[in-house]
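Engineer: The task is simple: from the sequences and hints, build the whole structure.
Protein chains in written order, with the working numbering: chain A, 1340 to 1555; chain B, 1340 to 1555.
In short, the hints are calculated from the structure, not lab data. Keep in mind it's a predicted model, so treat the numbers as computed, not measured. One thing to keep in mind: the hints can contain errors.
A pair holds if it fits inside one copy or across any two, identical chains being indistinguishable in the list.
Mimicking SDA-like on lysine to any residue, the simulated pairs with C-alpha atoms at most 25 Å apart in a straight line are [to be verified]:
| hint | residue 1 | residue 2 |
| --- | --- | --- |
| 1 | K1388 | L1542 |
| 2 | K1419 | W1364 |
| 3 | K1446 | N1494 |
| 4 | K1526 | E1538 |
| 5 | K1388 | N1441 |
| 6 | K1534 | R1374 |
| 7 | K1419 | E1367 |
| 8 | K1515 | N1494 |
| 9 | K1516 | N1496 |
| 10 | K1520 | S1505 |
| 11 | K1515 | K1526 |
| 12 | K1419 | S1358 |
| 13 | K1534 | Y1399 |
| 14 | K1390 | D1356 |
| 15 | K1516 | S1499 |
| 16 | K1419 | P1366 |
| 17 | K1534 | P1487 |
| 18 | K1534 | L1544 |
| 19 | K1515 | S1499 |
| 20 | K1388 | K1520 |
| 21 | K1520 | E1380 |
| 22 | K1534 | E1387 |
| 23 | K1534 | N1400 |
| 24 | K1419 | S1499 |
| 25 | K1446 | G1385 |
| 26 | K1419 | N1529 |
| 27 | K1515 | Y1399 |
| 28 | K1516 | S1363 |
| 29 | K1526 | S1545 |
Number of protein chains: 2
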Amino acid sequence: MRAITELPSALSSKPRDFSLPNSSWGPEMMRLYERYNSQCEMETEGGEKQKGPWKRLPSYNRALKFATGGVYLSKIIQSKARLFTRNIRDPGAAFEYVLFVNSEEQKCVCIFQAGHLLEGPPGHVHGGAIATMIDTVTGTHATVLSGPVMTANLNINYRSPIPLGSTVLLESSLDKKEGRKTFISCKVTNTDGSKVHSETTALFLSINVSHLLLGG
Amino acid sequence: MRAITELPSALSSKPRDFSLPNSSWGPEMMRLYERYNSQCEMETEGGEKQKGPWKRLPSYNRALKFATGGVYLSKIIQSKARLFTRNIRDPGAAFEYVLFVNSEEQKCVCIFQAGHLLEGPPGHVHGGAIATMIDTVTGTHATVLSGPVMTANLNINYRSPIPLGSTVLLESSLDKKEGRKTFISCKVTNTDGSKVHSETTALFLSINVSHLLLGG
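Structural biologist: Structure (C-alpha cells):
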C-alpha cells in the first residue's frame, strides 16, 4: 500500500497555477483580470454556485495534463522539459498572462503583460514573443473547441509594435470547423481596444495525442 | 580624464558572443557549424586573409548595436531588457543557434538546437519558439539586405513537429525588394534536408530606428 501513497512529488504536491495574480501584475493587468474573473462562476448570497459566461483557465509549466499513465507518465515526470511560455520563474520578467474562455460565444481572451526579457526591437516586444502568445491563445482555444490539435498555419500581420512592459489584450474567435480543421482568428490590441497591434488567422489540425507520445 | 576612462562596464568589457560553440552543442550542431564556418573568411598559408562565401554573424543578448549615443545610449545600458532568444544563460536549455550569411547568393542559414525549456506539445518544440527562430533569421536577413526593418507579416506553415533536443536548419532567401518592402522565404528542415518542418513567407518594412527610440 505504501507504493500507492508515495506518489512522486510532482503529482502529490499541487503544481503552481501561473495564471493567478502575483506581485508583478500592474494595475492594468489586475483591472482586466478582475473584469473577466468577476464574470466567472460565482457564489450567490444563498451560497449556491451560479454559472458565469467566462471561465478562467489554469496554467502550469509542464505537459502534465497529457500524462495518462504508464511509461509516458513516468517519462514526462522525469523530464526536465518546461512549457516555453512558463520557463522563467522570476515574476514579471517574461510572459505574465491569463486566459478566459466563453463557451457560449466561442471566444477566448488573454490578458498579457510583456516583461523585460522579451525584447526584440529596442524597447519593444520581439515578434516571436508576440507569435508565441498568439499560438498559445489560439491553440488553447482550438483545444477547448476540438480536443487535441497541432498548429498547421499561423498568418500574422503585425500592425504596430508593443512597448516592453505594457499589458495587451488578445481576443480569439472561432471562424469555422471543417472535419479535422479548426479555423481561428486572433486580434491583439491595447487594453481599451483603440490600437491594433496585430491580426492573425490560424489553422489547427486535430491529432491523436498518442502519436506524439509514441512518435517522439 | 577619469570620467572618460571609467566607461560603464557594459561598454568597456567585451559582451559575450552567444553564437560561438559551447559545451551544450551536440555533434550535429558542431558538424554543421564547422561546415559553414570553414567557408568563412580564411587565412592562407602566406598569412593573407582570403574571403569565403559565408560570414558568421555574432549574437549578443542586448540591443547594444542600436545604441548611437546620448540619452538613448544611457537608457539602453541601464535597461534590464534582454533579447528574447538570449534571455536564458544556462547553455543548451533554450535557444542555441548561429547564423551565417552569404551575400552573393542573398541567402542566410541558421543552425538551431532546441533545448528542453522550449516545450509546446509534449516532447516537442512550441510553435511559438519555432516562429521566434523564423522571425529572428528572416528579420536578421532582411536587416542585412535592407537596413533596419520591422516584421510586417509572417505566414508560417507547420509541416511536422520538431522533437525537443534536435538540431534543425533554417534557410532564408530573398524573394524580392519593392520600395520599403523586403520579401523573404524561410524553410526549416532536419539537418540532412530530408524532412521539412515548416515553410514561411515573411514581409519586412524598412524603418527609421530613431522613431522606435523616440516613440517608446
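Engineer: Can you list which hints this structure breaks, lowest number first?
Structural biologist: 1, 10, 13, 20, 21, 22, 23, 25, 27, 28
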